[in-house]
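Take the sequence shown: its position 519, counting from 1, is numbered 519 in this note's numbering, and each next residue is one higher.
Treat the hints as calculated values from the structure; they're not laboratory data. Bear in mind that the values here come from a model prediction, so they are computed numbers and not experimental data. There could be a bad hint or two in this list.
What the hints assert, rightly or not - Label pairs and their calculated CB-CB ranges:
no., residue 1, residue 2, range
1, 1057, 668, 20 to 26 Å
2, 689, 668, 58 to 64 Å
3, 861, 342, 34 to 40 Å
4, 740, 209, 55 to 61 Å
Quick reminder that beta carbons are idealized off the backbone N, C-alpha and C, glycines included.
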Amino acid sequence: MLLWFNSRKALIQSNDEDDLQQCKYYALLDSKLTDDIWKKYLESLKWNKRKFLVVFKEISDRYSEDILTFQSDSVPSFLQFPLGHPVSNTLYTVHPYNHLLYVPFDESEFIFFKDKIEEFYLLLQGLGAEEIKVTTVKATTIHEVLHNEVDVSSEVGSTHVNGKLDVQVKSNHHNESSLDTEEYKRLYDQLGAATDDKIIYYASRKLNSSSHKTLDYFRSKFVINGVYFQSVIFKPTHSRTPEHLIAYQKNKLTVVRQLKYSKKNEKSVDLAIFINGIPVITIELKNALTGQYLHNAIKQYIEDRDPKEPLFEFKRCLVHFAVSTEKVSMCTELKGKSTFFLPFNKALVNEDVNGYATSYLWEDVLCKDSLLDLVQNYINIQIDKEKYYDVETRMLKEKSSVRMIFPRFHQRRAVQCILRALLSDGVGEKYLIQHSAGSGKSNTIAWLAHQLSGFHKHPDDEKSLFNSIIVVTDRRVLNKQIQDSIRQFQQVPGSVVYIDESQPSSELARAIENCTPIIVTTLQRFPIISSSVANNSDKTYAVIIDEAHSSQAGESARHLRKALALEEAQEAEEQLDEENQVKTLEDIIADEIRRKGDQKNISFFAFTATPKPRTLELFGTNRNGVKEAFDLYTMEQAIKEGFILDVLKNYMSWKRYYKLVKRSDIDDKEYEKKKTVRVLSSYVDLQDHAIEKKARIMIEHFVAQTQNEIQGKARAMLVTRSRLHAVRFKRKFDDVMREMKLPYSALVAFSGTVSDAETGEDYTKEKMNNLQGRIDVPDAFKLPQHRILIVANMYQTGFDEPLLHTMFVDKKLGGTNTVQTLSRLNRTTKGKDTTMVLDFVNDPEQVQEDFQAYYGSNYMEENDQTDPNSIYDVLTKVNSFDLIFKNDLEAYAKYFFNKGDHKEKLQPILNGIVARFEDTLDLEQKVAFKADGKTYVRLYRFLSQIITFTDVELEKYYVLLSDLLKKLPASPNALPIEVLQEIDLESYKLQHQFTTDLQLQPGNNAMQGMSPEGAGKQEQDEYEWLTKIIKVLNDTYGLELKEEDKVEFERMKKNIYSNDELMAFFNKNNSKDNIKDKFNEEIDNELLNFINTKLEFYNKLTEDKVNHMFKSLWFNDLYDQKVRKIEKEKPSEEVEKLELLPQLKVRFPEWLNPAITSLKICKNAFVVFIEMTLSASPDKPIKTDLDFIGNDEDNYESLLFEPANDIVDNAKKFLELDPYSFYMCVDDIFTKEAEEEIKKQANT
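Using the sequences and the accompanying hints, generate a full structural model.
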């Protein structure tokens, strides 16, 4: 039985003059009118005099059709439905609804109506109407009522909210009342006139005694004298029980305007929404046109809404909305000044679509079906447990906090869009959900899993679309939040199982075999049980993957697909005698391909904040040829809405400078250049002097700045490049912190045992932390005696410590690793509004670029997606080495795919190929074959998850190459450690470059698919003499010249040498002059990067002699390598020292800097040099004059286009305000003649 209460107070009669000034009013009339009266009334309306809008809802059989239907040409325009309801070309249907008539009028009409109210009464009474009641409400209320199909009645009835009695039942319910049911009659037979009071008593007791209050009240029944009552009927997932759908339709949703909620005063809330008489939502409305904004509504809740009032008591109302005409915020618990509202917006800026920008709230979220769905499937009570340090007991304690979770807009949107897509897609598609950190992925996953477990594609389906929902996480400790959230909705015991690594694999197999509705496990379990679940291939599965970029990598994912894959249906004749059917080898391989390929019995739902290109290509939705995320919540929105912090706001860059010398008593030798540089750099960073300098900088920064952040509780993390680095930093931190007599120390985290040759000791994190097994590192990090955590390949992902404020980075990062590592800082907590990064290794521009890639959305154009046919190009390269013979391929496939244990027969085949590899290939060919083989395996593994190959030869090569690569001898790839015996570190210095805000810009990021070109290849390292390698390092990191200059100089050279477009230009088909012109052009573009940020360095490199010198040196080096193919020779005994960057005198006085920085230069323009020559003293105004000087002025004008005009315009605007005159020179090569011309013009 459905129980609902008429909770509506008499709608407030508004005579307030302020109200009249702010909005339109509507009259609601409720009267018992017969069909004849209605017919007479409609006929009496004078359309051309009064603008009455007659709106009726919910068709009732007792109205005759001729009254309900009008010819469209006889209905004036003002009778159109106000919310865009379509009107038939020939008919206009008015839906009657319980004798409810809405008559809109503006202020003047309202006054007119008041004057004519008696006349209006007489009109209706003359037609035979009785019991006429009239009230007025604001327009916004009616707007919501009309669209959301909410019951607004003027029937007199009151809602008590005094804590003792929450509902009052009217005694004069009509026949349609849901209380007039068999259950009610049974109870009435027992209790008579006391029935209503008894129902109210037990309902109120149920509501007040439940731990979850309103949620419990709605989700469970209560019994009175053996009769069960249910407070709400949720929408059925199928149509096989029509009586359930009828009961669902009897739910009554009510909107009450200006609800007076207190017995102590006359205060009221703008809107209250009720479900079957129980208040569930309150809303405060603000209109920007009257000078009221969102913050006013929030302030009203915080300062003027008493949380002790029953309506505002925690867990009574499910959510409170602050709504303006532009934005929406929500809160589930009012607690005075500690109240915290969360944004509830569609986007950073809500679109204004034919009305209010916040209309989505009432048009979508608060409509009847949606609101009941929220109560049934989303809103939940979450108990958060957090460990904290108790000052009094000096021990760690655990505190629990209870939260009401209402889904944020994007969370509900993602789930709803997936469910709608499944109605058309069915099983077998993939969906990428790109939700940033701070998006609440755990709750979104829980809501999705719960709703998928009972999802029916068609209303009349007997079974759910999926047999099991499998939630896969790459975190070995399963997310308890996901588990607890799902359990709230899944009331049936055993409907959710959690299989972690401590449980036997048989538990997971049993759960799949028994079609357990929801299974939560780790990806690592699937390879173990792959074979045991093969007999479940006729089942359908929804696989929800947490952090998809790592969960779907490698063979584990292939085992997962194999475990769940539905084998393709056999031909009819095969099915008749399946046991006796002998499959050919081709059939077996084809089946294996289909298992690993794009299966139609599995739907994948991949959640990630940082999708890699392969993740986007594998799981992304194809929209008009472009792969993109199915649903998106960006890092930009998460930061700007305050759910995470921007970790690049305070970014401090440090650089190291050093000088190495070769020992004079050792002859010069040749070494592999890249490996040697790597060894020497690592050697420098492991020296005690380098470790100590960095440690002191880090600790001093922590003491001076970090330790006082977050109310004196802030923590810091040091990310090191290796376990040995972590060990040495830990030892040095201990020494320095003892020396400084700090009241806290550092912890260290790394795996296994580390041997340090410097001390001859072995180290473990347990030994170094001296925790004696009493507490683990994350918990110890919460103690006040441990404020800094040193890590090596641990806690860089999945480590959520809100007190973490500062990160010291001494490890090379890149791509998603950069984002995931630095994002350990972005968690919010009370008192934390900033973070700090001190980076000793990475290029700030590269860090910014890595974050920019995931600041907005990611997409992949059709032409950039992986070409399936490229697998054949790679296979051609593999076969060009003549190592894999056809008979070997066939024999290997035969033994590999046939049932039975034939592993011993595989080894001789592999051994034969290995022997040919050793005997017939030289070192360069061996490296090339292994690189091409790895490319094939990687590319085929990826492509087989996107498409189903019908060429079985490809699968044969895949299984053979996968095993062969493991058996081939390792290439001589050892680092030249012996070089360390031949060098000494002469000097070392750390220098602070700058502290800045690495700003991210709104925008989307294009990604590239996998390409076989160069994939997996190991470039042959060139050999170089040690003296020249040392010179390169000293030129870059030395102390003979200014340190910043050398760092930037080396970076610029790296950019030039790695410029693919430029390198392609170095070929015999181009003349040397053309190549040189192109080379100079790219150099000049690189130089422009420094004009606004490092002007002194820019001036050095554009000085005529220096500019010509380094350009010539680099060009000749590249031309010899790329075009002439000249091998390097051993340098002479005395290496010529070339001073590329002599100290130059600063050209301009400080007062000129504003003018210089005001010029906006387009980096890609052919602007090489801008020199500003002072032609008058600062206090003497002179006429502005700008000249372009070059070999071909017209040519430069055509090349520069708008950027040139912008430069001139910006300069003129500035110069009109300042008494300076400058001359701007544009030239591809800044020549002596050009400089003389500038001086000549200046003198003129």
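For the pair residue 1057 and residue 668, does the Cβ-Cβ distance stay inside 20 to 26 Å?
holds, 24 Å
Do the beta carbons of residue 740 and residue 209 sit within 55 to 61 Å of each other?
holds, 58 Å
Measuring from beta carbon to beta carbon, are residue 689 and residue 668 in 58 to 64 Å?
Check failed, 26 Å falls outside 58 to 64 Å.
Evaluate the given range 34 to 40 Å for the C-beta pair formed by residue 861 and residue 342.
Given range 34 to 40 Å: holds, Cβ gap about 36 Å.
In this structure, the one hint that does not hold is number 2.
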